[in-house]
Amino acid sequence: MRKNFSAADLDDAREDALPWTPMLALPVSEKTKIRQSLSSSDLKAMGQIHSVDIYMYLFRLKCKTRKLRLDTRRQSYAEWRAGIGKYHSKDSICEVDNNFKGVPTDEDVSRINNSLKWIREELTKMRKQDEDLARQFLTIHSEIQKLKLEWSWQFHELTLQDAAMDLQEVDEIKRISDLPLASETETSLVDLGLTKLNLCHRKYSVL
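Read the sequence shown against full-length UniProt numbering and you will find it ends at 207, with the numbers running on by one and no gaps.
Hint data in this document are derived by calculation from the structure and do not stem from the laboratory. Where hints are given, some of them may not hold.
[Said to hold, decoys possible] Beta-carbon label-pair distances, calculated as ranges:
#	residue 1	residue 2	range
1	Lys148	Lys128	45 to 53 Å
2	Arg120	Glu79	26 to 34 Å
3	Arg111	Leu149	55 to 63 Å
4	Gln75	Glu157	30 to 38 Å
Glycine included, C-beta positions come from ideal geometry on N, C-alpha and C.
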C-alpha cells in the first residue's frame with residue numbers, strides 16, 4: 001500500500017506525525033466519520049471502488065492538504081474563531097492564575113465576586129433588551145393587524161358600493177327591456193356571502 005504514496009507524501013506524513021496504521025485496522029468510528037463527511041455524489045462515484053482504496057485516497061488528500069497548507073475550515077468558522085479572540089485577551093476579567101495553589105486569597109475572592117457581578121449586570125441588560133424587543137414586536141404586530149383590517153374594510157366597502165350601483169343600473173334596464181340580463185355583480189357577491197335581497201335590506205359590518 002505504501003508504494004501508492006509518493007516520497008513527498010511520506011515525508012509530510014512523518015512531519016505531521018500521522019501514524020501509519022493499516023487502513024483495514026482503522027476503528028469503525030473513524031470509518032463512519034469519513035463516510036459521513038462524504039456527500040451522496042462522492043459515495044456514488046466511489047461505489048465501485050474498494051473501501052481500502054477510499055481510505056487510502058482520503059489519507060493522501062489529507063497529506064496534500066497539509067503540504068499545501070490549505071485551510072479546510074469554513075469561512076464562518078474562521079470568522080467565529082476570530083470573533084471570540086477578544087474574550088480571551090489579556091484584559092479579560094477571568095484570568096488564569098498559574099500560581100494558584102488551591103487556597104483562594106482575598107484578592108481571588110474579590111476578583112471572582114467582580115466577575116459574577118459583571119455577569120449579573122450583563123444578564124440584566126440582555127433581559128431588558130429582550131423585553132424591549134418583544135414589546136416592539138408586539139406593537140408592530142398590532143399595527144400590521146390594524147392595517148389589514150382597514151384595507152379589508154375599504155375593499156369590502158368599495159365592493160358593496162360598486163355592486164349597489166350595478167344593481168341599480170340592471171333594474172333600470174329591466175324596466176325598459178324584456179331581455180334577460182345577467183349581472184356579474186351577483187356572482188361576485190355570492191362569493192362574499194351576499195345576495196340582492198339582503199344587500200338592499202340589511203346593513204353589514206366588517207367586524
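How the hints compare with the structure:
no.	hint	in the structure
1	Lys148 - Lys128: 45 to 53 Å	31 Å, violated
2	Arg120 - Glu79: 26 to 34 Å	29 Å, holds
3	Arg111 - Leu149: 55 to 63 Å	57 Å, holds
4	Gln75 - Glu157: 30 to 38 Å	54 Å, violated
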